[in-house]
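Once you have looked at the hints, place chain B on chain A.
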Amino acid sequence: MPVLSANQGQIWRRRTSRTQWAIWASWLVGIAIVGYCWKLVSDRTVWFFVTDAGTQAADLASRMVPPKWSYMDVLWRPVWDTINIATLGTVLALAMAFPIAFLAARNTTPNSAVRAFALFVIVSSRSINSLIWALMLVAIIGPGIFAGVLAIGLRSIGFCAKLLYEAIEEIDAKQVEAIEATGASGGQKLIFGVIPQILPTFAGISVFRWDINIRESTVLGLVGAGGIGIQLDASISTLAWTQVSLILLVILATVVVSEWVSAKVRHAII
Amino acid sequence: MLSRAPSLKRPGRRSLRTMSETSVPSYPRSWKKPPLIANRFLRWGLWFGAAIYLSLALGTMEINWGRVAEGLPRGQRFLSAFFPPDFVSRWDSIVDGILESIWMTVIATVAGIALSVPVGLGAARNLAPTPVYLFCRAVIAISRTFPEIILAIFAVKLFGFGPFAGFLALSIATIGFYAKLLAEDIEDMDPGQAEAVKATGAGWFQWINYAVQPQVMPRMIGLSVYRLDINFRESAVVGIVGGGGIGATLLTAFDRYEFDSAAAILIIIIAIVMVLEYSSGYLRRWVQ
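Sequence lines, in order, name chains A and B.
The numbers in numbering that gives the first Met the number 0 rise by one with no breaks, and the one at position 106 of the first sequence is 105.
The numbers in numbering that gives the first Met the number 0 rise by one with no breaks, and the one at position 94 of the second sequence is 93.
Hints were generated in silico from the structure; no laboratory data involved.
Treat the hints with caution; some may be incorrect.
[To be verified] Chain B residues, not near chain A, derived (Cβ > 12 Å throughout):
#1 Phe47
#2 Trp90
#3 Val105
#4 Thr108
#5 Val116
#6 Leu126
#7 Ala127
#8 Val138
#9 Asp228
[Said to hold, decoys possible] With a straight-line cut-off of 30 Å between C-alpha atoms, the simulated DSSO-like cross-links for lysine-lysine are:
#10 A:Lys38 <-> B:Lys156
#11 A:Lys173 <-> B:Lys32
#12 B:Lys179 <-> B:Lys197
#13 A:Lys161 <-> A:Lys67
#14 A:Lys173 <-> B:Lys31
#15 A:Lys161 <-> A:Lys173
#16 A:Lys188 <-> A:Lys173
#17 B:Lys179 <-> A:Lys161
#18 A:Lys161 <-> B:Lys32
#19 A:Lys188 <-> B:Lys31
#20 B:Lys32 <-> A:Lys263
#21 B:Lys179 <-> B:Lys156
#22 B:Lys32 <-> A:Lys188
#23 A:Lys67 <-> B:Lys32
#24 A:Lys188 <-> A:Lys161
#25 B:Lys179 <-> A:Lys263
[Claimed, not checked] Residues from chain B that face chain A, not an exhaustive set, calculated with beta carbons under 8 Å:
#26 Gly70
#27 Ile148
#28 Ile152
#29 Phe163
#30 Ile268
#31 Ile269
Where is the CB? At the ideal position from N, CA and C, for every residue including glycine.
Chain A extracted, bound-state conformation (with noise of 0.2 Å):
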C-alpha cells in the first residue's frame, strides 16, 4: 500500500510517487498535443466570423421560426423514401453480411486467407462513411433512392458482418458437436447447429442497425442519393429556412419514432 512517512507516522496515499509522477507526465504530454492541435487550428479560422456567431444566430433563429407547416404535403414521399433507404439497404446489408460473417469467424471459416479477405472487406466497409459511398455510387450509376440504397447496404455490411462474427465466435461448440455426432455434413452442422443459435443476435443486430441507417439515410440526399436530404439541400441552398426547420421537426420525429420501436422490438427479441 502507497504511504507517505511523516512525522506524526504513516499516511494513506492513493498512488506510489512513481506511478504519480507517470501519470502527470501523461498529462503534460496529453495537454502539449492538444494545445499544439488547437494552436493549428485555430491559425486556419477566421476569428471574425467566430465572434460574429452570436448575432448569426439571433438571425437565423428568427428566420426560422415558425416552421411552415404547409410544407409538410411536400415532405411525405421524401419521407417514405428516406424509409424505404434505410430498411432496403439493411436487408441488402444483411444479406451480404450473413456469408462473409461466416467466412470471418474463426470457427467456420474454411482457412485463414479467406478470413483475412472477409475481415478487410468488413474494415474498409465499416471505415467509409455512408455519405462518401453515396459520393461515389451518384457518379458511376446516378443519383437517386437506388444510389442511397446501395450506399446504405455497403457501408452496413461492416457493421452487421462484425457483430455477427463476434456471436458466431461465441457460440456454443457442444451443440454443433452434438449435430456432428449424428453423422451431419458440414453445410448441416451450420444450418442445424451454427444459426438457431445466432439467429436472436442476428435479429437484434438487423434492427439496431436499421434504427442507425434511418438516421444515416435522413442525409444521403445532400449528395444526391434521395430521401429527405434532397429537400434539406434545397431548403438551404434557397435560403428558406422555416421550410429547413420543419424538414429538422421531420427528421427528429423520424428518429425518435424509429428508436422507440427498435427498443420495443429488440425489448421483445431479448
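Frame of chain A, contents of chain B only:
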C-alpha cells in the same frame, strides 16, 4: 442369488432390440426445426407484412432500370478511373487535409469528452436530482438525434468555413455518444463502494473521485479511444459541407473527376482507421 439379480434388471442387447421393434413403431421418423417465433399468427403476420411492405417500397422506388443499365458500362469506366490510385499529383493537399482532420479529431474528442463528463454525471439517475437529470438527458437526446453532417451545416453557417466548424460539430456529436454511455455506466456501478467512501465522510468531489471514477474509468478510456476513431471517420464527411479536413480534399477530387486521387484518399482513410482500430482494441485489452 446376488449374481443373478442384476441380469434380471438389465436386459441384454437382443431383448432391447426386440422390445423397441415391437412396442414403439409409431415414433415419428422425421423432425422439424422449431421456428424462431413460436406464435404462428405472429410469424405469418410478419411475413405477410414484410411482403406487402417490400412490394410497396419497390413499387414506389422508381428505379430507372434503363438508366442503371446504361450507367453500368459507364460505371465500369468510373471504377477503372479509380485504379491505379494516384498518390503523387495531389500529395501536398492530401497531406494537408489529413493533418487538418487529425488536429480536428484530437481537439474535438478532448473537448467533447471534457464537456460530456459533467453532462454524463448529471444524466446518471443515482447521482443527480430530477431537474438536472431531465436537463442533461435532453441535451444528450438532442445531440444524438442529428447526424454529424447536419450539425456541421449549422456550425459552418454560424462560425464560417474551416476546421473550427468541423471541430464544433464533432464535439457536440461526441457529447451525445460519450455522456450517454458514461451515465449508463455510472448507473450500473456497484453502490457498495460508493456507500463505503461516503461513510468515511468524503465530500461530493472526493466521493466522485474515489468511489465513482475508479469504477467507470477502464471502460471510459476504451470508449474515448473508440470515439477518437469515430471522430476521425466523421471528420472525412464534415468537410463535404465546408467543415475542413480531408473531406474537403475528397470532395474537390470528386468534383474535378480526379477519381485516382480520390481512391488514394480513400485508401489512406481506410489505413488510418485500421491502425486506430487495432490500437484501440489493444489499448482496451490492456486497460481492462
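- What hints, given by number in increasing order, does this structure fail? 3, 4, 9, 13, 23
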